[in-house]
Structures are given as structure tokens and as C-alpha cells.
Amino acid sequence: MTDSVIIRTDQLKKIYQMGEIEVPALNGVSITIQEGEFVAIMGPSGSGKSTLMNILGCLDSPTDGQYYLDDQDVSKLNRAQLAHIRNEKLGFIFQSYNLLPRMSAVENVTLPMMYNKAAAGNQVEMTKKAEELLGIVGLGDRMHHQPKELSGGQQQRVAIARALINDPVLVLADEPTGNLDTKSANEIMEILHNLHQSGRTIVMVTHEPDIAEQTQRIIAVRDGLVELDHENGRE
Amino acid sequence: MKIIDVIKVASKSLTSNKLRSMLTMLGIIIGVAAVIIMIAVSSGTETAIADQINSLGANLVFVMSSFSQGGAGGGMGASTGGLVYSDADAIANSVPHVAGVAVEQNTTQTIKYGNIVLEDVSILGTTPDFTKVREIELKEGRFLNDQELERSTRTAILGATIAKELFGDTYPIGQKISVGTLKLTVVGVFEEKGLVSGVDYDARVYVPITLVFDKLMNSQFSRIAGDRVRMIYVTVDDKENIDAVILQINLLLSKLHDVPLESPDFQISTQQDIIQTQSATTESFRILLAWVAGVSLIVGGIGIMNIMLVSVTERTREIGIRQAVGATPQDIQSQFLTEALILSLVGGLIGVIFGITGSWVFSKFGDMPTVVDPFSIVLAFGSAAAVGILFGYLPANKAAKLDPIVALRHE
Ligand SMILES: Nc1ncnc2c1ncn2[C@@H]1O[C@H](COP(=O)(O)OP(=O)(O)OP(=O)(O)O)[C@@H](O)[C@H]1O
Ligand SMILES: [Mg+2]
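Just so you know, the protein sequences line up as chains A and B, in that order.
Here our numbering = 1-based position in the first sequence + 50.
Here our numbering = 1-based position in the second sequence + 3.
Only true hints are included.
Okay, derived cross-link-like pairs now, BS3-like style, lysine-lysine, Cα gap no bigger than 30 Å in a straight line: (1) B:Lys401 - B:Lys5; (2) A:Lys167 - B:Lys5; (3) B:Lys186 - B:Lys135; (4) B:Lys11 - A:Lys139; (5) B:Lys401 - A:Lys167; (6) A:Lys179 - B:Lys11; (7) A:Lys63 - B:Lys404; (8) B:Lys11 - A:Lys178; (9) A:Lys139 - A:Lys63; (10) B:Lys115 - B:Lys167.
It is worth saying that the hints were derived from the structure and are not from the lab.
Only chain A is shown next, with the shape it has when bound in the complex (with noise of 0.2 Å):
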């Protein structure tokens, strides 16, 4: 059974200290995701989502407690190594796209690559599989753009793409269609659910409901612990 689990985490805690202050962010969350999963994470404002998001992506160490990805503690590494992590296994989708701004459609997928060990120098196969991923997102027409010249879901869609391109074993993303309208936040979610189902291990926060409603399964955070997890029937 645990060759299907990409998440485990156990007791996370995370407590920033400012100053003379601790904040406790994370009060010990401990949640379990499986390979294929689509997982929204829902709750309110400064309940701690981005906080876990960071955590699972490897950009940030729990204060205290394990973190599992795909079967290997990462709660105690360092910067370079989690930097290989999140470069080879991992995939992650902004609110604020975060795109490279001088760099066109094209070259911000590849950028991963070029930090990945087995696919970088060979440019061609790069922008070959770039091409490709910005195709799947339906961007194949604005391959040569640059971010201020294309819509924030053409944006948000460069940085699936980008997400995607060194075939990660998950997908996260912290509110990834906050920043959009309905319309594009729509297409975002149908690309989204698309990956899904490719297989694809998604884990997404939300603040919207309905948007929620299109997964799998919830999580509700609050005061960072987890205060709901439950099957959403839907899928």
C-alpha cells in the first residue's frame, strides 16, 4: 500500500518567531494523500494553507514533525537538496503565476529543465517537450510571448506547463485561480482536471467552494490544524 501514498505527514508544526512573539502557523497536521489523488484544501484566511503548501512543496522546513515524499523524509534536509526535490518530483502553480517577466512562453517552461541534472544542455529536446506541455494547455499559438503579453490564465497556464515539464509526481498549487475571472479560472480548473485524469496527484488551495466542489476530496484547515478531511463523492 505504501508505494501509492506521495504524502505523509506527521505532527507538522511550523512556528515563526518574530521577535519576542511565536506565531504557530501549523499546530501538527497529519495527513495522508495517495498517487492520483485531486485534493482541495480549503479554510479561512491565515488558517495556515499556504504555510503546509510550503512545507509540501519543499520551499519551506516544518518547525517540528516528518514530512514524506513518495517514501522519503525530506523534513530534514538541506537547501541544495531540497532544491533537487522540488526540481525533479515536484510542481508548483502560484496565485501570482510568477513567471521570469524577460523571458517568452517557451523559455519559461523550460526553466526547470535547466536545473534538472539529466535533461539539461540538450536544448533541443527542452524546447521540443516545452512546445508539447504548452500545446496540452492550448497555448500553441503564443509560444514566443512574454507574460506581459498574455492574459493572467494565459499566464497561469505558462506556469502549468512549466509545473509539468520535469514530469512530477505532484502538482501543487495555492490558490491558482484567485487572481482570475470566472471564465479563465474555469478553463484553468478543466486543465487541472484534465491532469487528473492522466494520473496526475494534484493538491490545490481554494478559497472558493465551488471550485472545491470539482475534487475529489476536501481538507479543511483552520488554525492550523486540520479540522475537516472528507470525500467530496464527486469524480
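Based on the hints, put chain B with the ligands in the right spot on chain A.
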């Protein structure tokens, strides 16, 4: 990340802000150009001095009187007096490998031609070998001959400046000029030679040395001095024999003067010695120049560091994004270090080009001899690279230490 990609990324970010990159490189450009030009000017000056001194004649050995030894040998009279005229003959006759010997004794006199009067003119008594030994060319007429030397004939050869001042456009050969109380016939005029190690060869009058001994020494003391000479020039047939000749002259003259070898009443030096003395004076100047150039390189480096620090702050978000998709701290460090290195190397390259052109301009239009030393190019370029790494390190490290989350949140 592959090195080629690191370089591509770094050059792309540098070319995206060309004006700033140019201005940042300016310090390095000036520093490198300064190093090359300054070394070129000082080694050019040095070469020019050496050329000038060598132009006085090849393989020359200078034997000078030194009166300071007093009664070194316990003796008195002649033995304390330094060189005498017959020493020259002795050297010419008994030292092997000697190609020519010329003697010099100076005095100053007032000279006149018509109503033109020149006071305190340096009169140089010498021998026929002088032109051969010192490699000075005659413009008109001829130099002294042996007969004139033997008979103290009243003849004179004029330096270029003296000839011009006395005669202007008049043809000088055959004219009579007054030197002190004597009337001398001008038989030759020298080509211009200019100032060499502080001696103006053109402002002198050359006469037979015997004439100086007999008639031109003006003080009582000098008359007693008799046939004393100030300097004997010896030309050696081959460079390799110079040391042997010096040794032979030392032995010969010590014996003739009856002074101990270790404290002679004369001094022997070569052109090489004189060049070295001259170089020593330019050396300290050169060290000063090197410091100035070095400081400007360091200032250039600080300029790079300054801009790189600004750049790291400005691009914090970019750093965060790169880290999020898998850039390690080391990847980030290499990227910024490479940027600093490219700035300093390209700046260094432009500086080398400016330095070489600048040196050329100086020698072409500034009337300043310059010799571009290949070593100075290597030195300047190497220093620029070192400066780039040194001053790029701090900003690169700052970038590498950024926390991905903090960097991503940066506005
Ligand atoms: N860098 C930090 N330093 C100090 N406190 C922090 C830091 N980041 C987050 N916090 C605190 O941790 C708690 C959880 O923040 P987090 O960003 O995870 O909330 P969130 O659930 O994502 O909220 P939102 O829905 O508004 O995005 C908050 O109280 C926040 O103030
Ligand atoms: Mg959040």
C-alpha cells in the same frame, strides 16, 4: 545547470540593461586601460633612455678620474691625480680587445665670431678617435686628425647649436673664431645629437686635447694639473669582452698610478651601469603609476559590487522563482558570480583595446615614447578577472542565501 546556460542567462540579464552594464564596466575599463598605458609610457621612456645612451656608441667603457682617494697609496703628487693623457695610449697599446680610445678634458671659455659673443661655452679637448667611439656624425667638414693632435693645431669642430648661433646661414668651414685668447679655424660641424643623460652635445666646441693642455686651462691649479684628463672612452671590439677589458684596465691603471686595486683613483663604468642608474629614477615613478592604476581597478571592482548588490535586491523575485523550480543556492551563486565576471572580463577586454589604442595615440600625437608590454596586458586582464570574482562574491553570496519563500513574496 550547464555552464553554457549559466553564461547565457548571465549575459542575457546583462544585455537587458545595456546602459547600466556599460557604466558598471567603466571603472574596470579605465583601470585596465590605465595599467596598460602607464606601463607602456614608463617602459617606453626607459627604452628611449637606453636607446639614447646606446646611441653614444656601442660597447663603450667609461674610465673617469676620481680624486677622492687622496693619498691612498701613501704617496703624493702624481699618484693622487687620477687619469692622465698617457693612460689612454697605454690602454690602446696594451689592453687586448680594445677597438678605440678617446680622451676628454673640459674647460669653459668665452667664444666670439664677429660681434657675436657666447659666454661660458663648454670646450671639449679630445682625440681623433672621438667620432668613432661616440658615434657622432659630422654634418660639414671633417673631425680632428692625428697631425693636429700632435701639433696642438688651432682647429675647432662645432656642435650644431653653437654653429647655428655663431654663423647662422654663413658657411662655417674655414672661418676663424676666438676661443678665449686664441683664434681657431673651424674645420667641421656636427649633426644634431641632442641632450643625452643631461649633456648637451650640440652646445660644445671640440678641439685637440693637446691644445687644452697647452693653452686653454685657465686657472693656476689646472695648469699644475698638466695633462690630466677627465675621462677616457674605450670601445671594446665585442660585447663579450667588456668584463675582461674592464679588469685589464683596472690592473693596468692601478699599476701605472701606483694605487691599490681596491681603492683606485679612477672609476670604470659601462653604458649598462648608466642605464640602470637612469632606470632607478623612473622605477619609483613607475611604482606610483602602478598604484594609481591598481586603485582605479579596485574602484572599478567596488562599482561592480555596488551594482550587483542593487541587482540582487531588484531581482529578488526572480531569484525566488528560480529557487522554486529547482535552482540550488550554488546555481544562484554561480549566476551572479558569472555576471560579475562577465562585466569585469568584457570591461577588461575593452580596457585592453583602449589601453593599446591609448598608448598608440600617446606615442603618435603626444610625442611620448610608449612600448606596450604583453605582460602588462596579461596583468591588467588578470587583475580585472580577479576583481570581478572578488567583488562579485559578496552579492552572489547574498543572492544564494535568500530564502525561497521570502524571495517569492518580495515585491
Ligand atoms: N513569514 C512569516 N512570518 C511570520 N508569520 C507568518 C509568516 N508567514 C505566515 N505567517 C503567519 O502564519 C499564519 C498562517 O499564514 P498562511 O499564509 O499560511 O495563511 P493562509 O491560510 O494561506 O491565508 P490566506 O488564505 O490569506 O492566504 C498567519 O497567522 C500568518 O500571519
Ligand atoms: Mg495563502
